[in-house]
Amino acid sequence: MIENVHTRDLGVPAGPFVERIQELWPPAWGKQEFDRPLGVGADGGHGPIRYRCTEFVPGESITFEFTRLTGSHTLSASGNVIRHELIGDFGFVDRVRWALVIRWLHDACLEDLFDGFERAAGREPKSPARWSWYVRQVRRLFTPKRQPQRA
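The working numbering applies: residue 1 is where the sequence shown begins, and numbers increase by one.
Keep in mind the hints are simulated off the structure, nothing from the lab.
Keep in mind the model is a prediction, meaning the values are calculated, not measured.
Every residue gets a Cβ at the ideal spot worked out from N, C-alpha and C, and that includes glycine.
Wrong hints could be hidden among the right ones.
What the hints assert, rightly or not - Distance ranges between label pairs, derived from CB positions: (1) Arg83 x Pro128: 15 to 23 angstroms; (2) Leu100 x Val12: 14 to 22 angstroms; (3) Ile87 x Glu60: 13 to 21 angstroms; (4) Ser132 x Asp43: 30 to 38 angstroms; (5) Gly39 x Thr70: 16 to 24 angstroms; (6) Gly30 x Val5: 38 to 46 angstroms.
Stated by the list, open to error - Restricting the straight-line Cα-Cα distance to at most 16 angstroms, the calculated cross-link-like pairs of lysine to aspartate or glutamate (EDC-like) are: (7) Lys31 x Asp112; (8) Lys126 x Glu111; (9) Lys31 x Asp43; (10) Lys126 x Asp9; (11) Lys126 x Asp115; (12) Lys126 x Asp112.
Make a model of the complete structure from these sequences and hints.
Shown next as structure tokens:
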């Protein structure tokens, strides 16, 4: 079982940020898109990561189930604290992918998202997220190169 948790004290009530996840999603990680407005049943994700919304309580929490993996991730608010929890019961190959690549990218993405939440809350993060050398190299290897536009 894989469990990965991120929390951040935003200094203001965190509840409104639950439903602002799409608006504040960091563009460097691929646009977060769904087939309908955010709510239970919405299918979508970001980049190659696909999931479906299974629970949504505005101002409190939103839960997504992965469509290609066994697991979920939940964004929740309690007072001034925003929390993201990923729980996965991945098979062997996906555990290896998680350990070598996905975890590091996931952690960097979540910290970028939480920096965006904090900025939207009206303050600059005390320690803004910085991508590690490893994250930069993995992204360089796996991020599609943009083709030059032809006139």
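Going through the hints against the structure:
The given range of 15 to 23 angstroms is respected by arginine 83 and proline 128, whose C-beta atoms sit roughly 19 angstroms from each other. Separated by about 37 angstroms at the C-beta atoms, leucine 100 and valine 12 break the suggested range of 14 to 22 angstroms. The beta-carbon spacing between isoleucine 87 and glutamate 60, approximately 18 angstroms, falls within the hinted interval of 13 to 21 angstroms. Distance hint check for serine 132 and aspartate 43: the Cβ-Cβ separation is about 32 angstroms, which falls inside the suggested range of 30 to 38 angstroms.
Here the CB-CB span from glycine 39 to threonine 70 is close to 23 angstroms, well matched to the stated 16 to 24 angstroms. Restraint check, glycine 30 to valine 5: a C-beta distance of roughly 22 angstroms breaks the suggested window 38 to 46 angstroms. For the proposed pair lysine 31 and aspartate 112, the alpha carbon gap of about 13 angstroms is at most 16 angstroms, so the pair holds. Restraint check: the Cα-Cα separation between lysine 126 and glutamate 111 comes to about 12 angstroms, which is no more than 16 angstroms; the hinted pair holds.
The straight-line distance between the Cα atoms of lysine 31 and aspartate 43 is roughly 14 angstroms, inside the 16 angstroms bound, and the hint therefore holds. At most 16 angstroms may separate the alpha-carbon atoms for a hinted pair to count; lysine 126 and aspartate 9 meet this at roughly 11 angstroms. Distance hint between lysine 126 and aspartate 115 is fulfilled; the C-alpha atoms sit about 9 angstroms from each other, no more than 16 angstroms. Our distance criterion of 16 angstroms between C-alpha atoms is met by lysine 126 and aspartate 112, whose separation comes to about 13 angstroms.
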